[in-house]
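Now for the letters of each chain:
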Amino acid sequence: MKHILPLNQKARRLWAMVAQSRQQAVALTQDPPPTEYPFGCTTIFAPGWEVDSSGGTNGLCQPIERDLYDCYHTCYWPAQVPDGVTNAPSWTASCGAPMNDWKSIDLVFP
Amino acid sequence: MRLRTVLHRRFHDEHGTAFVYVTPSAAILALDGLAGQLVAGFDVPDGVDDADFVAQHADPAEARRALGDLVDLGVIRPVDEVRPPAAQLPPMPFPLATLVLNVTNKCNLSCTYCYEYGADKIATPAAPGEKRVSRMTEDTARQSIDFLLRSSAERPQVSITFFGGETLLNFPAIRAAVDYAEQQAKAVRKRVHYSLTTNATLLTDEVIDFLTTHRFGITISIDGDAGEQDRHRVWKSGAGSFADMEPRIRKLIATNKERKGRPIGARVTVTRGAKSVIDTYRFLTGDLGFDEVGFAPVTAGPDRTWALGDQGYENLLAEFSTLAEDYVAAAAAGRAHGFANLGDLLRELHQGIHKAHPCGAGLGLLGVSTEGELGLCHRFVESKDHALGSVRKGLDEGKRTAFLEQAHVDHKTDCRVCFAKPLCAGGCYHEAHVRYGDATRANLHYCEWIRGFVDLGLKTYARILRANPKFFARYESS
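Quick mapping for you: the protein sequence lines, in order, are chains C and R. Numbers 92 to 201, taken from the numbering used here, label the letters of the first sequence in order. Numbers 11 to 488, taken from the numbering used here, label the letters of the second sequence in order.
Just so you know, the hints here were simulated from the structure itself, not pulled from any lab data. Backbone N, C-alpha and C define an ideal beta-carbon position, used for all residues, glycine too. Be aware that one or more of the hints could be misleading.
What the simulated footprint calls covered on chain R by chain C, stretch by stretch (three residues with Cβ under 8 Å from a Cβ of chain C suffice, anywhere in the stretch; the number is not a length) [as the list claims (entries may be wrong)]:
no.: 1; segment: 75-85
no.: 2; segment: 114-123
no.: 3; segment: 149-161
Each computed EDC-like pair below joins lysine to aspartate or glutamate, with the alpha-carbon atoms no more than 20 Å apart [what the hints assert, rightly or not]:
no.: 4; chain 1: C; residue 1: Lys93; chain 2: R; residue 2: Asp82
no.: 5; chain 1: C; residue 1: Lys93; chain 2: R; residue 2: Glu148
no.: 6; chain 1: C; residue 1: Lys93; chain 2: R; residue 2: Asp69
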């Protein structure tokens, strides 16, 4: 808006509304953006380490290697292990059965 | 398509910058040369064809772009555009925010121009044998508080204003109301703000201590220095009241400053032949120490000798604009200025206030008579024709809604063509009642004055924005 300057509070609000509706109008003329599916830690509900998602204890981290995958795939503890969402998607590719060959999972150097 | 500039007011500052106040939205815009040309060019009753206008312009692409902005902002619109339906009332029952308690209708002064006792009084005379209560009882005061708290819905804060007559003639009722309100408000977790208007003649040390302790917003009715005050504000004997009130006012202001109380305001009634408002302003703020001064032209029938004639309104406007210079200088330096009329107008302009009704009377505010009867505001409480129920039986919602519907600015035909209607909305109900015998009529006798004052406000607004762009942040609400 090169030629007009909104001065009072009401004018500024009106202009914000106009600017917003213009953006929406532009969006309608474009191809729809690719649908984004939720991914990572937002998709699961982990109640914690005391009970599993069914309320029992069977699904808890047994063996402990499972813990690693919970943290890795779902970003449960993304600071403690490499995250599988963006930075290290193939971290466990060399390891088909972690109970047997967890040692083949290597370190990640950022 | 034929387009036309909507109802508006164009104005310029001293540097030649063009501005427009857009009436339907109450927006204020600064315009460059091209936008100014468009707003003026489309300001034709039958409208102008947009394609023709743009094609004839030196820079059609730029003109088209600026026109698009003005159309989207609602400044220029299609001639045959269907108008949105008239604004309705807010959802009723509208929660109360303020109750004005007329704690007495007696006064110890006999001001010649008083609308309460003089020829312009609105009160219905007592029927033969009827006994009127001249002082509000403490019970009625407490019942008023209950009524306010129960009618204020979810509002976190309510206000109680004490009025008269001379308010302080019934100090016991004020004290009882405040004590009770403190206790009751605590129980329902609301804050209460108190204010009062007085003629200052009864400000004893005890009263001053009470008012400043409870952080009252205090307004003193005073017309200026001894010469001004004693022209109309006289005792029953006819003697002037200045000498009696002056030391009390000084004491009040000093105590209030010491206790960091709320600003204390002077309310000056402007009558024919009054001294210039500039001198009065300087005396009241400089000499007596008031924080704010508001000037109100006297409410009176046109034949009264003290009524302001056309010339009087014109002079008043010229003096207001001189006082506005002071305001601009203070604002440029980041200081508040006590010229209350202009301060209120600038706040409304900055926020973009758009009123469907001239004031909150009957909406968020009601008056209570000494007997506990409800009225539109304190000026209407003694009038049976305008009665709206009582604090005991409750508010007559049907009558309230009917009045507000009728008093809506869209029903005031004369206001339709006025650029200032978002701020004025037809003016004071009581003033209209005194002039025309109908509270819902527009006050046509001071239209020119209102428009002149709003013009002054708009120009002052633009000047202050240039001098100190941050000044108005104090008025911003989220």
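Do the hints match the structure? See the list:
1. 75-85: Since 7 is at least three, the answer is holds.
2. 114-123: Answer violated; 0 residues pass the 8 Å Cβ test.
3. 149-161: violated (count 0)
4. C:Lys93 to R:Asp82: holds (14 Å)
5. C:Lys93 to R:Glu148: violated (63 Å)
6. C:Lys93 to R:Asp69: holds (14 Å)
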